[in-house]
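Given only the sequences and the hints, what does the whole structure look like? Please build it.
All the letters of the sequence shown, read from the start, carry residue numbers 3 to 141 under the numbering used here.
Keep in mind that the hints were calculated from the coordinates and are not lab data. Check before you lean on any hint, since a few could be wrong.
[To be verified] Only pairs whose alpha carbons sit at most 27 Å apart, straight line, appear in this in silico DSS-like list of lysine-lysine:
| hint | residue 1 | residue 2 |
| --- | --- | --- |
| 1 | K78 | K129 |
| 2 | K138 | K40 |
| 3 | K113 | K98 |
| 4 | K78 | K104 |
| 5 | K111 | K87 |
| 6 | K113 | K78 |
| 7 | K40 | K129 |
| 8 | K113 | K29 |
| 9 | K124 | K87 |
| 10 | K139 | K129 |
| 11 | K130 | K40 |
| 12 | K124 | K40 |
| 13 | K40 | K111 |
| 14 | K98 | K78 |
| 15 | K78 | K130 |
| 16 | K98 | K40 |
| 17 | K87 | K113 |
| 18 | K111 | K78 |
| 19 | K124 | K139 |
| 20 | K124 | K113 |
| 21 | K29 | K139 |
[What the hints assert, rightly or not] Simulated DEER-style distance windows between Cβ atoms:
| hint | residue 1 | residue 2 | range |
| --- | --- | --- | --- |
| 22 | G37 | A136 | 27 to 33 Å |
| 23 | V85 | E140 | 41 to 47 Å |
| 24 | R38 | A133 | 32 to 38 Å |
On a predicted model such as this, the values are computed, not experimentally measured, just so you know. C-beta: ideal position from N, C-alpha, C; glycine also.
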Amino acid sequence: THQPHPSAPSLNNKQMSDEKKELDHAKNNVRVSAGRSKFVYADVTKHLLHGGEPFVEISALGAAIADAVAVTEMLKNQGLCTVSKIATSRGADGAKRPNTDKILITVVKAKDFDSIYAEQLKQREAKKAEAAEAEKKEE
3 THQPHPSAPS
13 LNNKQMSDEK
23 KELDHAKNNV
33 RVSAGRSKFV
43 YADVTKHLLH
53 GGEPFVEISA
63 LGAAIADAVA
73 VTEMLKNQGL
83 CTVSKIATSR
93 GADGAKRPNT
103 DKILITVVKA
113 KDFDSIYAEQ
123 LKQREAKKAE
133 AAEAEKKEE
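If you want it as structure tokens, here you go:
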């Protein structure tokens, strides 16, 4: 049988399970940055919820907190999600400054999510078709 290298870390089932949970956690976390389009973050959140994620965590540090709240409000105003939890902290991990504030907003699908999402996709496709048609006429 193959023996691991003596310096290799040994992982028991619980540690492997915890690592998997951390990976799962990371894939349904949308990290909002200040200055980028809020629509991108809203679209990513919609896509994750549509893809079967039971919840999505929208997180931000410092100056980006207002943008994370704005993204959440956009989704709520469209009727796509509800907020299940809001957590704030100071001294966030990975922050450049030790007293950086952090927010973590957990959202879940609203009951009409699927029909609203489908309608939005249909409207987006119609706009794309219109733009392609207009482009053909210009040629």
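Status of each hint after checking the structure:
| no. | hint | in the structure |
| --- | --- | --- |
| 1 | K78 / K129 | holds, 23 Å |
| 2 | K138 / K40 | violated, 31 Å |
| 3 | K113 / K98 | violated, 39 Å |
| 4 | K78 / K104 | holds, 21 Å |
| 5 | K111 / K87 | holds, 13 Å |
| 6 | K113 / K78 | holds, 12 Å |
| 7 | K40 / K129 | holds, 20 Å |
| 8 | K113 / K29 | holds, 23 Å |
| 9 | K124 / K87 | violated, 31 Å |
| 10 | K139 / K129 | holds, 15 Å |
| 11 | K130 / K40 | holds, 21 Å |
| 12 | K124 / K40 | holds, 21 Å |
| 13 | K40 / K111 | holds, 19 Å |
| 14 | K98 / K78 | violated, 31 Å |
| 15 | K78 / K130 | holds, 25 Å |
| 16 | K98 / K40 | holds, 23 Å |
| 17 | K87 / K113 | holds, 17 Å |
| 18 | K111 / K78 | holds, 10 Å |
| 19 | K124 / K139 | holds, 23 Å |
| 20 | K124 / K113 | holds, 19 Å |
| 21 | K29 / K139 | violated, 42 Å |
| 22 | G37 / A136: 27 to 33 Å | holds, 31 Å |
| 23 | V85 / E140: 41 to 47 Å | holds, 44 Å |
| 24 | R38 / A133: 32 to 38 Å | violated, 23 Å |
Consistency note: the structure conflicts with the earlier hints numbered 2, 3, 9, 14, 21 and 24.
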